[in-house]
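Visitor: Taking the hints into account, I'd like the entire structure generated from these sequences.
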Amino acid sequence: MTEQGPRARVVRCEGLRKRYGDRVAVDGVGFAIAEGETYGLLGPNGAGKTTTISMLCGLLHPDEGTIEVGGSPMTTGRCEAKAHLGLVPQDIALYPDLTAKENLSFFGKLQGLDRGELRTRVAEVLELVGLADRAGDRIEGFSGGMKRRCNIAAALLHRPSLLVLDEPTVGVDPQSRAAILDGIDDLRREGMAVLYTTHYMEEAERLCDRIGIIDEGRLVAEGTQPELVAAVGQHPIVRLAAEGDLTTFAGLAADAPQVVRAAASDGRVEVSVLDPTRALAPLIESAEAEGLRISGVEVVQPDLESVFLHLTGKALRD
Amino acid sequence: MAGPHTPVSVVIAGKDLRRSLKSRSLVLTAVVGPLALGLIMALAFGGSAGPSATIAVVDRDGTATSRAIVDALREELRGGPVRVRADVPDPEEAVDAERVDAAVVIPPGWTESLSASPEPLRAVRNPDRAIPGEIATSIAGQVTSQADLVRAATSTAAALGADPSGVTQVRPVVTVSVRDLSQAFNAPLYFGPLSIFLFLAMGTGARGLVREQKEGTLDRIRSTPTSARTIVAGSSLGVMAQGLVASLLVYAVSTLLFGAEWGRPVDVVVILVSFVAAISGFAAIIVALARTEPQAEGWNNALAFLFGILGGAFFGGASLPGLLGAVGSLTPNSIAMRALVETGPGGQALVEVWPLVLALWAMGAAGVVLGGAMLRRRLL
Ligand SMILES: Nc1ncnc2c1ncn2[C@@H]1O[C@H](COP(=O)(O)OP(=O)(O)O)[C@@H](O)[C@H]1O
Ligand SMILES: [Mg+2]
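Chains as they are written, first to last, in numbering that gives the first Met the number 0: chain A, 0 to 317; chain B, 0 to 379.
Among the clues, some could well be false.
Here are some of the chain A residues that sit facing chain B, going by a computed Cβ distance under 8 Å [stated by the list, open to error]:
no., residue
1, Y19
2, C78
3, A92
4, F106
5, A153
DSS-like mimics (lysine-lysine), calculated; alpha carbons at most 27 Å apart, straight line [claimed, not checked]:
no., chain 1, residue 1, chain 2, residue 2
6, B, K213, B, K21
7, B, K213, A, K313
8, B, K21, A, K100
Simulated from the structure, these hints should not be mistaken for laboratory data. The beta carbon of each residue, even a glycine, is placed where N, CA and C say it ideally should be.
Guide: Below, the structure is given as structure tokens:
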């Protein structure tokens, strides 16, 4: 009989809350990530992902809640917890007028590397992100994808036990994006805990062991992808692209047989159904009876997008 | 912390200095500007146009020979940068009251002394008017040495049995040229513009943390185990390093290339460092008080020019009359200028001007500590 202990928790946060004036940006968020685990925070723009990360990384003082990284409490000042942390900010946080090597050396020194370690780690990390041959070039001359990769490299120098990435693939070409995702997979295999925020459902599906779905500052669901899909009921979705009074139609459709729920969002109605083959014809009939002009019909098998729709009544991307 | 680590504040300062040197903005603003303006003023001073000095020539001897000297000086210097006045009765009083910039006095009994050992002409100087003072000294020296030449010629003629009356007429040839001026104490011409441009450049440096917050690099710095105190200290140190590099460059280039005269190097460096410290203080307070970066920039640049004008940065450190002059004398620009002038060539030792140096450091320390604390609370 083998006994496998639970993997060590690298980060744990509980009851995080942050308000800006009357607006609650983060409202009671909590989760934990084990070493070697990739945790995805999936939510639309403005959901509170960056605010959550800022509190987690000791950049922003939470109004309420506790944070522990590497077993030590996180604070906004100088603290032990920050030695375990590598942050990849949402926007490129590098000095455009310095070279890749100068940037990495600077941040490496701040992360506490000594001269000897610094030289080898800068070279290794540049190699890792495929920028070894551009080490002496200024960041301002880099393509968007190269800047993104260097932005990630700057967080890896001190081999953090927690890597936090805030939407690292926004505005990146597909090739660089694939390279970034593969790179994160490799790091996870080496035992790094990864916190990855995104509003791209495909990335969360492809990369993350567990996903927390965040909307309007609240964590509305959490689990592996199959767990999340199962939790909301595996209902296929009929998606009608149409013009007309979509909201009224969604209200009517919700009461129809076969239909679990229906929601309108700009230019389309999404209807969760028990069996699309039986539900489709009556839906289209009643839509036409309501005077909608249908321009497209699509049947979607359940995925995170539908989970999000189910949980929040709105589409992840609009 | 021990170990092969450079202190993190020094790492941060080094990064800021490197960026400002790479962008050339520091060199263009705080080095090229003052050097160009200083050189233009030095040249203008030597030519017939531009600022001039009024020098009184006072004849206390009252002989035909001394009157001839006064006339000769007026004629020699006509059309040049120096205006000669022969109608001043009391040179000390006139210089003190700033009716003239300096004076040359022919002492009583001077003609008598010519045959034995010519008594030197005396220059009356105002410490605030260094360059005219230097010119007066130069004129006095030139006349004295020519008189000595005449005496030598006369005694030689007498020894040879010739009639010496033909050589007793002293007819001085006095020249005040650009070359003379450049060898005179002309640090104020360079320090004046430097004091303004340095304030502009150091203000840009002081806004660095606010810019880094906007550009996101401050968040990355803050995600490392670095205290807020260290971040602010590093930034302040960087601002001072930039100011020091710029002022030392102006000092070195004006001395080596333009032949400018600043005084004893150690004194000059100490005064420049103290001035840089004072400006760091003002720049830090401005950044801490302003709500936005453009607002900080506006305030900083306005104060730089205000201090420059009130402190007499233009035209050799001349102070303004009345209340404005009194207020101006409290500016770091004026304090540093006075320290430079007083320790200039032939001037006092640095220890004699310690209150001025101390005042600069007090401004710097108060500003950096207060401004730093406010900025830390706001940004970090
Ligand atoms: N500094 C701030 N001041 C005021 N409101 C803010 C600030 N930062 C974020 N917010 C608000 O908080 C909410 C969450 O923002 P954010 O965490 O950036 O979301 P996300 O990263 O998921 O796009 C948004 O409504 C945003 O407008
Ligand atoms: Mg965000």
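Visitor: Against each hint, give a clear statement of whether it holds in the structure.
Guide: Here's how the hints hold up against the structure:
Hint status for A:Y19: violated, given a least beta-carbon distance of 16 Å to chain B, over 8 Å. Checking A:C78 against chain B by beta carbon gives a least distance of about 7 Å; that is within 8 Å, so the hint holds. A least Cβ separation of about 4 Å between A:A92 and chain B falls short of the 8 Å threshold, and the interface hint therefore holds. For the restraint placing A:F106 at the interface with chain B, the shortest Cβ-Cβ distance is roughly 6 Å, inside the 8 Å limit, so the hint holds.
The beta carbon of A:A153 comes within 7 Å of a beta carbon in chain B, closer than 8 Å, and the hint placing it at the interface holds. The straight-line distance between the Cα atoms of B:K213 and B:K21 is roughly 21 Å, inside the 27 Å bound, and the hint therefore holds. For the given pair, B:K213 sits about 32 Å from A:K313 by alpha-carbon distance, which is inconsistent with the 27 Å threshold. Annotation: proposed proximity of B:K21 to A:K100 holds, straight-line Cα distance about 15 Å (limit 27 Å).
Hint compliance for this structure: hints 1 and 7 are broken, all remaining hints hold.
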